[in-house]
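K.L.:
If you're matching them up, the sequences are chains C and L in order.
Position one of the first sequence corresponds to residue 9 (the numbering used here), numbered consecutively onward.
Position one of the second sequence corresponds to residue 595 (the numbering used here), numbered consecutively onward.
Just so you know, the hints here were simulated from the structure itself, not pulled from any lab data.
Please note: incorrect hints may appear among the correct ones.
[To be verified] Below are the DMTMM-like pairs computed for lysine to aspartate or glutamate, each with C-alpha atoms no more than 25 Å apart in a straight line:
hint : chain 1 : residue 1 : chain 2 : residue 2
1    : C       : Lys17     : C       : Asp106
2    : C       : Lys151    : L       : Glu612
3    : C       : Lys36     : C       : Asp216
4    : L       : Lys1033   : C       : Glu97
5    : L       : Lys940    : C       : Asp25
6    : L       : Lys757    : L       : Asp963
7    : L       : Lys1033   : C       : Asp25
8    : L       : Lys868    : L       : Glu742
9    : C       : Lys36     : L       : Glu1034
10   : C       : Lys36     : C       : Glu228
11   : C       : Lys143    : L       : Glu612
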Amino acid sequence: MPDPVLQTKGLTKTYTDFWGRPRVTALKPLTLDVMPGEVFGLLGPNGSGKTTTIKLLLGLLRPTGGDAFVFGRDPGDREAKGRIGYLPEETYLYKFLDAEETLAFFGRLFAMPAALIKSRSDELIQLVGLSHARKRRLGEYSKGMARRLGLAQALINDPSLVILDEPTSGLDPLGSAEVKELIVRLKRAGKTVLLCSHLLADVEDVCDRIAILHQGTLREMGRVDDLLRADDRSMVELNAPSAEVLAAVRAAAGDSLLGVAPPRERLEAHFRRIIAEASAKPPEPKA
Amino acid sequence: MRTLLWGIGAVAAVTVREAMRQRLWILFLVAGVVVMVAGFRLGAVDPSARLKLAVVTITAAIGFVVVLLSILTGSGMLRRDLDGRYAFLLFAKPLPRLGYLLGRLTGVLGVLLVGIISLSALGSAMVAWRFEQTPRMLDVAVPFDWQELSSLGEAVPVTEGRKRVALSGAPGNGVRWSLSGLPTSNLPDGGLDVLLRVQVRGADAGVNIEDCLATVTAAPGAGARIGERRVLPLDVASPYGRGADDSQAGDGQVMLRHRDTTRTDYNQDWMRLKLPAELIASDGSTTIELTRLENRATVTVSKADSLVVAQPGGSLFANLVRGGLVLLASAAMLCAFTLLLGVVSKLGVVLLGGLTLFFAGNVVWTIADTLEYEKVSVPVRRLLEAAIAILPDFDRFTVAARLAASQAVPWSAVAGAWAYYGIFTAFFMALAGLALRRKEL
Chain C
9 MPDPVLQTKG LTKTYTDFWG RPRVTALKPL TLDVMPGEVF GLLGPNGSGK
59 TTTIKLLLGL LRPTGGDAFV FGRDPGDREA KGRIGYLPEE TYLYKFLDAE
109 ETLAFFGRLF AMPAALIKSR SDELIQLVGL SHARKRRLGE YSKGMARRLG
159 LAQALINDPS LVILDEPTSG LDPLGSAEVK ELIVRLKRAG KTVLLCSHLL
209 ADVEDVCDRI AILHQGTLRE MGRVDDLLRA DDRSMVELNA PSAEVLAAVR
259 AAAGDSLLGV APPRERLEAH FRRIIAEASA KPPEPKA
Chain L
595 MRTLLWGIGA VAAVTVREAM RQRLWILFLV AGVVVMVAGF RLGAVDPSAR
645 LKLAVVTITA AIGFVVVLLS ILTGSGMLRR DLDGRYAFLL FAKPLPRLGY
695 LLGRLTGVLG VLLVGIISLS ALGSAMVAWR FEQTPRMLDV AVPFDWQELS
745 SLGEAVPVTE GRKRVALSGA PGNGVRWSLS GLPTSNLPDG GLDVLLRVQV
795 RGADAGVNIE DCLATVTAAP GAGARIGERR VLPLDVASPY GRGADDSQAG
845 DGQVMLRHRD TTRTDYNQDW MRLKLPAELI ASDGSTTIEL TRLENRATVT
895 VSKADSLVVA QPGGSLFANL VRGGLVLLAS AAMLCAFTLL LGVVSKLGVV
945 LLGGLTLFFA GNVVWTIADT LEYEKVSVPV RRLLEAAIAI LPDFDRFTVA
995 ARLAASQAVP WSAVAGAWAY YGIFTAFFMA LAGLALRRKE L
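One chain only, chain C, in its complex shape:
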């Protein structure tokens, strides 16, 4: 069995005041493993300890108790950090730089050669759909554009572990869908992804396993399919059934039937279809 990429053992964080007196315990003993190639979702409402966990894993905070390991090393280890891509909850990028300069700056922090930075930047700018704005300063970017560039900087070093804190925050539905597709592509490429979000649909679509935190405590952890499966129910899908067929189904099911209704398209899929159709044909002049 491969070694976990991320590992915490009884990881605890208590924030203190200036005099060192405990103020609030943001994370109660947390023990979890994230394995290579896995997309792991960290869920929880605001203030549940998700971001604190990420900061502990990145060495931005020191734990009050327990241990954390990233690639088997301490979180602050520079070699470990060299293999991590991180997108914070908000996009903290310098507004006086343009997209290329931003990626070059972060590339240099990883000691990447200039030629490699150039080729990776071109590739990532195209990937996140910012080719048209690559020379524009970030001060002129919309929130969504800055978010896309934030995602690009997280991938500049071709990381083995990608930590995404609310990656779809500020993105329109198309952008959100692209991010989800990107996460799936990262998984296919063998990358490990730690996804932190309170948008449950996003997590459900892409994660292999999830952990649910509440008030700093781990409430549940496991495979998405296992956690969401309702063993005492079954779903039957029929293609354009006639009234007679439906009547027969109702009769056969008897009291165990919970309901019969046409399936609903998911709003996200519907939105994407409408936009795709609108993009495919020019707008008709209004009468």
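With the hints as your guide, set chain L onto chain C.
P.N.:
For chain L alone, kept in the frame of chain C given last:
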């Protein structure tokens, strides 16, 4: 180490880029305008004084910009990164926190260097244009030993601690200086300049005499091995040294004139003689003697600066840049100090702290003066002594006065300034690195 260096380079480059895009160059522009206006508007009694004022103004403009930006720029960016949470992203990368601080410091110094070079070039051009000449900068060597000569030719070493020698009584007495380390090749035409400045008073009280005949001779070598002595010729462009009507004072003689110690321009206030190459020994040593020839005047010779040997010290531009590098050393220290404060406190405290250090460091000499006052109580004395011991002295390397006096700023002065302020800079950076490392984000 490679990651550290790349990180420092990346942060330094982004610091320079930010400074330029945030239009900090406007400050350089304002300073440049001040230099230009001052060059044309400053009034003084004569062109020489106007030239000095212009040079002082250029140096002051450079100093002002350097101090202001060193306090504001690095610490402002650091606080923005911490308060605006940019640090989350930066320190999630393999960038050591000390590397970040070093990058900020290097970037600020890079910006200041650009400013120093620009203002030096502008200032030199303004001086050349306005005054149709630039001051002749001189690099000087001072004697390592001096002796008093009696009228009978007897040489007596001047005791340590004695700062001046008054020559009076029977004529024929004088002073002998020994110098070493002089260049022996590629000398200017006619040789090196020997600059001499003494005070001359009437031997009898109430008699107004301000000149005295003397001879100045030199011989190659120093100490026991001294070669043949020869009279030093007066430079044709020497500001004084001749007799009445600007005629030759006498065969092999010069006319000393009173020049008090407040006059500091090598080109205006020192008599200039020529020291030919044959009077310098192959090891760069020479011995120079001043012999007083009249008993009607008392000639006072100062140990510190009555005699120096000068050679061309480069262009005004080169000296302004070197002077700027001296200022840059103190700016590096100020920047490091404000970075330290920036890690542990808010921007207001940072600015206050930076300015406090600057002002305190500029009055170290007054603290030393206070200590010489007898009535200082013991606790106050201890406090002042501690202040002198720990405060960096911003007056230690006087650049403006030196440049205004046509004295070159040698590379050794630059190295000395960086060695002195570098210790403080390293100390503050080490503390800042430790504090940032312990800081939770």
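K.L.:
Confirm or reject each hint.
P.N.:
Verification of the supplied hints:
1. Under the criterion of a C-alpha separation no larger than 25 Å, the hint pairing C:Lys17 with C:Asp106 is inconsistent with the structure, at around 41 Å.
2. For the given pair, C:Lys151 sits about 21 Å from L:Glu612 by alpha-carbon distance, which is consistent with the 25 Å threshold.
3. As the CA atoms of C:Lys36 and C:Asp216 are separated by approximately 24 Å, the hinted pair is consistent with the 25 Å bound.
4. With a C-alpha separation of about 20 Å, the suggested pair L:Lys1033 and C:Glu97 falls inside the 25 Å cut-off, and the hint holds.
5. For the proposed pair L:Lys940 and C:Asp25, the alpha carbon gap of about 17 Å is at most 25 Å, so the pair holds.
6. In summary, the hint linking L:Lys757 to L:Asp963 is supported, as the alpha carbons are separated by about 19 Å, within the 25 Å threshold.
7. Between L:Lys1033 and C:Asp25, the direct Cα distance comes to roughly 13 Å. Compliance with the 25 Å bound is thereby established for this hinted pair.
8. For the hint linking L:Lys868 to L:Glu742, the alpha-carbon distance of about 22 Å falls within 25 Å, and the restraint holds.
9. With a C-alpha separation of about 18 Å, the suggested pair C:Lys36 and L:Glu1034 falls inside the 25 Å cut-off, and the hint holds.
10. Restraint check for C:Lys36 and C:Glu228: the C-alpha separation of about 14 Å stays at or below 25 Å, so the hint holds.
11. Restraint check for C:Lys143 and L:Glu612: the C-alpha separation of about 16 Å stays at or below 25 Å, so the hint holds.
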